[in-house]
Amino acid sequence: MKTRTKFVIGGAVILAVIIALSVQGLQEMTVFFYTPQEVLASPSKFEDKTIRIGALVQKGSVEWNAKAIQLSFNITEDGNEFIPVLYDGVKPDLFREGQGVVVEGKMKGLRFEANQLLVKHSEEYTVETEQKKNKEDYYKSIQAQ
Amino acid sequence: MGSMKKIILYLEWGSILGLLSCGLWVFLKLPIETSQGFPQKIMYLHVPSVITTYLAFFVVFVYSIAYLWKRELMFDQIAKASAEVGLVFCALVLITGAIWGKPTWGTYWVWDARLTTTLLLFLIFMGYFLLRMSVNDRDKEARLASVLGIIGFLDIPIIHKSVEWWRTLHQPSTLFKVDSGEAKPSMPPELLYPLLASTLVMLAFYLYLLLLRYQTEKRTDRLNQLLAETQV
Chain A
2 MKTRTKFVIG GAVILAVIIA LSVQGLQEMT VFFYTPQEVL ASPSKFEDKT IRIGALVQKG
62 SVEWNAKAIQ LSFNITEDGN EFIPVLYDGV KPDLFREGQG VVVEGKMKGL RFEANQLLVK
122 HSEEYTVETE QKKNKEDYYK SIQAQ
Chain B
-16 MGSMKKIILY LEWGSILGLL SCGLWVFLKL PIETSQGFPQ KIMYLHVPSV ITTYLAFFVV
44 FVYSIAYLWK RELMFDQIAK ASAEVGLVFC ALVLITGAIW GKPTWGTYWV WDARLTTTLL
104 LFLIFMGYFL LRMSVNDRDK EARLASVLGI IGFLDIPIIH KSVEWWRTLH QPSTLFKVDS
164 GEAKPSMPPE LLYPLLASTL VMLAFYLYLL LLRYQTEKRT DRLNQLLAET QV
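Residue numbers (this note's numbering), protein chains in the order written: chain A, 2 to 146; chain B, -16 to 215.
Next up, chain A with everything else stripped away, as it sits in the complex:
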């Protein structure tokens, strides 16, 4: 075989591997997390696989066990369907009810056991004076559900 042919074949193989890896990586990258609906729609697909779910912390669902250093709460997107989450670890600073979070872990039956809890804050910035108004809006939106 000519040296040039070898180079062409070798180059093609390397290129194919690079493309395959980037397509796979791109899929993972573009969907950083699943929604609760997606996970609940096909539980068998996600069973025992390490995944990330992004949603809001349901109001009134947060329970903090200081002795066991365990945090449990429900995550929801629409207020109807929710997934109970159990997280072994301390509460992040920005963690609160109604807050967007991304949890990483595994579905164990109907419960999600998280080993990482990330807070997904919004692009809205406010100062003290606006806080009250926003809080009121939030309570109204919860009551409307």
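Honestly, the hints are just simulated from the structure, not real lab data. For clarity, every value in this text was computed on a predicted model and none was experimentally measured. Misleading hints may appear alongside valid ones.
What the hints assert, rightly or not - Just the calculated beta-carbon pair ranges, DEER-fashion: (1) B/D162 / A/I10: 49 to 57 Å; (2) B/I134 / A/A21: 17 to 25 Å; (3) B/I134 / A/E29: 22 to 30 Å; (4) B/E(-5) / A/T51: 50 to 58 Å.
As the list claims (entries may be wrong) - Taking lysine-lysine pairs in the DSS-like style, the calculated list, with each CA pair at most 25 Å apart, reads: (5) B/K85 / A/K107; (6) B/K167 / B/K53; (7) A/K92 / A/K60; (8) B/K144 / B/K85; (9) A/K68 / A/K50; (10) B/K201 / B/K(-12); (11) A/K92 / B/K85; (12) B/K24 / A/K92; (13) A/K46 / A/K109; (14) B/K167 / B/K12; (15) A/K141 / B/K167; (16) A/K92 / A/K68.
Even for Gly, the Cβ is constructed at its ideal location relative to N, Cα and C.
Got chain A; can you put chain B on it based on the hints?
Relative to the frame of chain A, chain B by itself:
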């Protein structure tokens, strides 16, 4: 030449004083943001660096096209200078982003689309300088670098739109938020105006660094030219 020196001097002192007063403004005068608290203040370094990075690589894009079209060495010198400064600001974006991420998200780094494409931009322009260093012929260097500079810039619209196109941990745009066709930055004026001021100051700082680097680049090329002539 004298006027250029003057402009550089003005930009130098303007950005020094501007950065200093923005820093004082942000830390001493600004109200604490409600949900994030103190860590939100790094926004005044992070966002101006982002916008400066965008502009710096846009300048690379424009002057790379200009070089390929006109083959004027000056255009390549400007593109090179801007890429260098852009790379520094891009590093600043990644570093300030990580520092901001830890207290708010709870992590320095995730492989979401926004962060990954920003890292990609940094790596592309690291490659850009490796490419320049590996070519000995000045015209060939300019030609190849121009092509990579144009391709590299195309990552920026992807970075900017990544938070809309894909699911990311990074929040959508605050400053460039558009609500029913109207620009509506989602922050109160007392937080917004200092951000705009810091951005202007950062752009002045960029311009200062760009002109300084461009002058050095021009002299280096001239020197190499003279050396080549005397050796013949």
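Each hint tested on the structure:
{"no.": "1", "hint": "B/D162 / A/I10: 49 to 57 Å", "verdict": "54 Å, holds"}
{"no.": "2", "hint": "B/I134 / A/A21: 17 to 25 Å", "verdict": "21 Å, holds"}
{"no.": "3", "hint": "B/I134 / A/E29: 22 to 30 Å", "verdict": "24 Å, holds"}
{"no.": "4", "hint": "B/E(-5) / A/T51: 50 to 58 Å", "verdict": "51 Å, holds"}
{"no.": "5", "hint": "B/K85 / A/K107", "verdict": "23 Å, holds"}
{"no.": "6", "hint": "B/K167 / B/K53", "verdict": "40 Å, violated"}
{"no.": "7", "hint": "A/K92 / A/K60", "verdict": "16 Å, holds"}
{"no.": "8", "hint": "B/K144 / B/K85", "verdict": "23 Å, holds"}
{"no.": "9", "hint": "A/K68 / A/K50", "verdict": "29 Å, violated"}
{"no.": "10", "hint": "B/K201 / B/K(-12)", "verdict": "14 Å, holds"}
{"no.": "11", "hint": "A/K92 / B/K85", "verdict": "13 Å, holds"}
{"no.": "12", "hint": "B/K24 / A/K92", "verdict": "22 Å, holds"}
{"no.": "13", "hint": "A/K46 / A/K109", "verdict": "12 Å, holds"}
{"no.": "14", "hint": "B/K167 / B/K12", "verdict": "24 Å, holds"}
{"no.": "15", "hint": "A/K141 / B/K167", "verdict": "23 Å, holds"}
{"no.": "16", "hint": "A/K92 / A/K68", "verdict": "13 Å, holds"}
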